[in-house]
Amino acid sequence: MTKPITGAQMVVQALKDQGVDVVFGYPGGAVLPIYDEIFLQNEIRHILVRHEQAAVHAAEGYARSTGKVGVALVTSGPGATNAVTGLTDALMDSIPIVVLTGQVPTFMIGTDGFQEADTVGITRPCTKHNWLVKDTDRLSGVIHEAFHVARSGRPGPVLVDIPKDVQFAAGTYTPKARANLSRYQPRLKGDLATIEALADAIRHAKRPVIYSGGGVINSGKAASHLLRELVEETGFPITSTLMGLGAYPASGKNWLGMLGMHGLYEANLAMHGCDLMINIGARFDDRITGRLQDFSPNSMKAHIDIDPSSINKVIHVDLPIIGDVAHVLEDLLRIWRSQGRGTDKAALKKWWAQIDEWRAVDCLGFTGSDTVIKPQHAVQRLEELTRGHDRYICTEVGQHQMWAAQYLRFDEPNRWMTSGGLGTMGYGQPAAMGVQLAHPEALVINVAGEASWLMNMQEMGTMVQYHLPVKQFILNNERLGMVRQWQELLHGERYSQSWSEALPDFVKLAEAFGAKGIQCKDPADLDDAILEMVNHDGPVIFDCLVEKHENCFPMIPSGEAHNKMLLPNAETQGQITAPGAVLV
Amino acid sequence: MTALNIKKGSSRHSAYDLRNPNSDAIERHTLAVVVDNEAGVLARVIGLFSGRGYNIESLTVAEIDHTGHTSRITIVTTGTPHVIEQIKAQLGRIVPVHEVHDLTVEGPCVERELALFKVAGEGDKRVEALRMADVFRASVVDSTLANFTFEITGSPQKIDAFAELMRPLGLTEMARTGVAALGRG
Ligand SMILES: Cc1ncc(C[n+]2csc(CCOP(=O)(O)OP(=O)(O)O)c2C)c(N)n1
Ligand SMILES: [Mg+2]
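So the sequences go chain by chain: A and B. Its first residue numbered 676, the first sequence is counted upward by one per residue in my numbering. Its first residue numbered 9, the second sequence is counted upward by one per residue in my numbering.
Check before you lean on any hint, since a few could be wrong.
[As the list claims (entries may be wrong)] Sample of chain A residues with no beta-carbon within 12 Å of chain B, all distances over it, derived: (1) P800; (2) H804; (3) V1158; (4) D1200.
[Unchecked claim] Partner residues are not named here, just some residues of chain A that face chain B (Cβ under 10 Å, in silico): (5) Q688; (6) V795; (7) W806; (8) R829; (9) A925; (10) F1188; (11) L1242.
[Stated by the list, open to error] Derived CB-CB ranges, DEER-like: (12) A:D875 x B:D73: 51 to 57 Å; (13) A:L967 x B:R36: 24 to 30 Å; (14) B:G48 x A:P972: 49 to 55 Å; (15) B:A47 x A:G1017: 52 to 58 Å; (16) A:A1028 x B:L50: 48 to 54 Å; (17) A:Q968 x B:D73: 23 to 29 Å.
The hints are simulated quantities; they were obtained by calculation from the structure and are not laboratory data. Positions of the beta carbon are idealized from the N, C-alpha and C atoms, including for glycine.
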């Protein structure tokens, strides 16, 4: 018999058993016993954030850049409610995190006690699963199960709510190995008959396209490897969602670039015109499909996904394969190779010729300037000057996010952290903190918009405190740029509330936090300024004053089909763009 | 097609596949969901239906295994074939859900509901109510000088029909349990 330990000790022990090395958190009355145990040990590092939302995004950044489970610890009531946005963000993007919340003691639950909130009730729809633990003997088992659920199958956020009396009480610790995890075991292997049918379709396809997503990254490094083998050996073109960037290298010759609303022309037209679409770990999100009725009208569609509810949710597919990407790709490659690795080479050649015509449109072209920094140019220079570094990129949400996705190039998975499904402004800065914690020597850059950045700017304090040299690369257009763009396109240039008024002086702000501030507004100074940022050993706020009314193109106007993209075009810049005027 | 292997008991190996999955016709399905009987599990199921805009016509739940602590939730829902498939897949995703059965497509099933009716009537109406109760095999579980309380068990349609007959005879109150269902054989 092992000696009983307190619930608070169990929490720390369970985290250690799970290999956790860092916890992002914020204390309060209902978690004081756990904080006491954290104080008494040195194995787990606690990072004191400045807002609980940031703790959860930091855990997400940590998880996405490492493939491990991220952990956050917050108090009851307001601590828990502040975590809700982060939980929802992680749910939408399938990011494995465990959030531990304190709760009022069990005997006070339901009395509207001080800082009581129905945390499991509030977070039920925004977690993959959650638990309220009322019995100390069950606590460690639940925490182990929480990690298992977070990382298994389609990953996601889980929450364990721990009343204060449960933290104080003594109970028996259940080691990880003896925790009962048996029941939740999502299936990993795909159906072989359907995989064979897909191999057959690969052999005969004339205009194939591979459409990969975040599921490849979540599946792990092996999945990215297998995806690369599949692409190289078949010679098929590949595009990816925002979430999947880096699974196939941007430098690979079959890379079409990102697809979707602000995706590349060649990627979207290949999707529209293909006769075989192989969806690998993506979910036919509405930013990807555009108008459903016109989505890739003439293709056979295969869909590999670990989540059965993703299959046929919005797009009916012909070859549904439920399983883990790496497992399915392994089987697919084995079967297809054993059948002689056939493809229709002549047809593929024609298809590539067509794609090359689309590529020649140069949909990412933009009009440069000597007088004002174009945001696209700023991102291009950032790419140029940081390529070759051990580099991780986070973003906020808005135009800058799309420019980052378009102009930065990712050759490896887990290098790109952005809020895709929820589109959470304020995500990037804390996420970057989590990334830097996991990769202390790496160059971590948050490509931000000034408005998003302000939403979690308090975290500069955290970065200075823990010497996290994250670079905040703010494309400052003094606008809620993406909102402004939609108002330009859809609301007759009535810019209702899309101005960033009374912005702080970012350089002084950086200095006030004890960090370095750089401002740049002249294109001629840009390279030097970026290098100054990169070479500074410490956190930097880079205020890059850019063209205020630049639009992010290409763009599929919402409700339109892939082949109805708006392209960048000198005549349309800065004017109301009637969506019909530039249809292709 | 066994490819879409949702969860044990799903419909993908049945004649259900022969239907047009994209039909707009609204169907009524009875689902049996076996879950761990833990706190909040019903809220999870109901929250799924309300959060994703699915319909619930009736829902019953009780623990069916007191040692294993599993409960069976019987849900009658309506939707297009596509929506019904989504509902099953979404239910299967809930961590404490063990099995999702679509009784409507897994073969014939028996559906039963229990209802209590309070009928206040006098004279001929009182006699007629008793006579109809007899025809419907409803039993009198309580009686006073002013009213009868009938208990009736049967398909929801039978209970609807009985309610229609009782209305003019002085129906004052009714309580229904919702459907419990099992596959035949
Ligand atoms: C929390 C939150 N609130 C509102 C929005 C809606 N929204 C999307 S983009 C955007 C503007 C972002 O402005 P900024 O960060 O400056 O980026 P820009 O588009 O100018 O590059 C807004 C308000 C959102 N995505 N998230
Ligand atoms: Mg802006």
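Comparing the hints with the structure gives:
The non-interface label for A:P800 is inconsistent with chain B: the shortest C-beta to C-beta separation is roughly 5 Å, within 12 Å. A cut-off of 12 Å between C-beta atoms contradicts the statement that A:H804 is not in contact with chain B; the least separation is 4 Å. Annotated as non-interface, A:V1158 keeps its C-beta farther than 12 Å from every C-beta of chain B; the closest such distance is 27 Å. For A:D1200, the condition that its CB be more than 12 Å from all CB atoms of chain B holds, with the nearest at approximately 51 Å.
With 10 Å as the threshold, the beta carbon of A:Q688 stays out of range of chain B, its nearest partner Cβ sitting at about 24 Å, so the hint is violated. With 10 Å as the threshold, the beta carbon of A:V795 comes within range of chain B, its nearest partner Cβ sitting at about 6 Å, so the hint holds. Residue-level restraint check for A:W806 holds (minimum Cβ-Cβ distance to chain B is 9 Å; threshold 10 Å). Because the smallest distance between the Cβ of A:R829 and any Cβ of chain B comes to about 8 Å, under 10 Å, the interface hint for this residue holds.
For A:A925, the shortest C-beta to C-beta distance to chain B is roughly 32 Å, which exceeds 10 Å, and the interface hint is violated. Given hint, A:F1188 at the interface with chain B, is violated; its Cβ is 40 Å from that chain's nearest Cβ, farther than 10 Å. At its closest, the beta carbon of A:L1242 sits 33 Å from a beta carbon of chain B; the interface hint therefore is violated under the 10 Å criterion. At roughly 45 Å, the beta carbons of A:D875 and B:D73 sit outside the given window of 51 to 57 Å.
In this structure the hint that A:L967 and B:R36 lie 24 to 30 Å apart at CB holds, the actual value being about 26 Å. Between B:G48 and A:P972 the CB atoms are about 44 Å apart, so this pair departs from the stated range of 49 to 55 Å. Against the hinted window of 52 to 58 Å, the Cβ-Cβ separation of B:A47 and A:G1017 comes to about 55 Å, which satisfies the hint. Between A:A1028 and B:L50 the beta carbon distance is about 58 Å. The supplied range of 48 to 54 Å is therefore violated.
Separation of A:Q968 from B:D73 is about 47 Å and departs from the stated range, judged on CB atoms against 23 to 29 Å.
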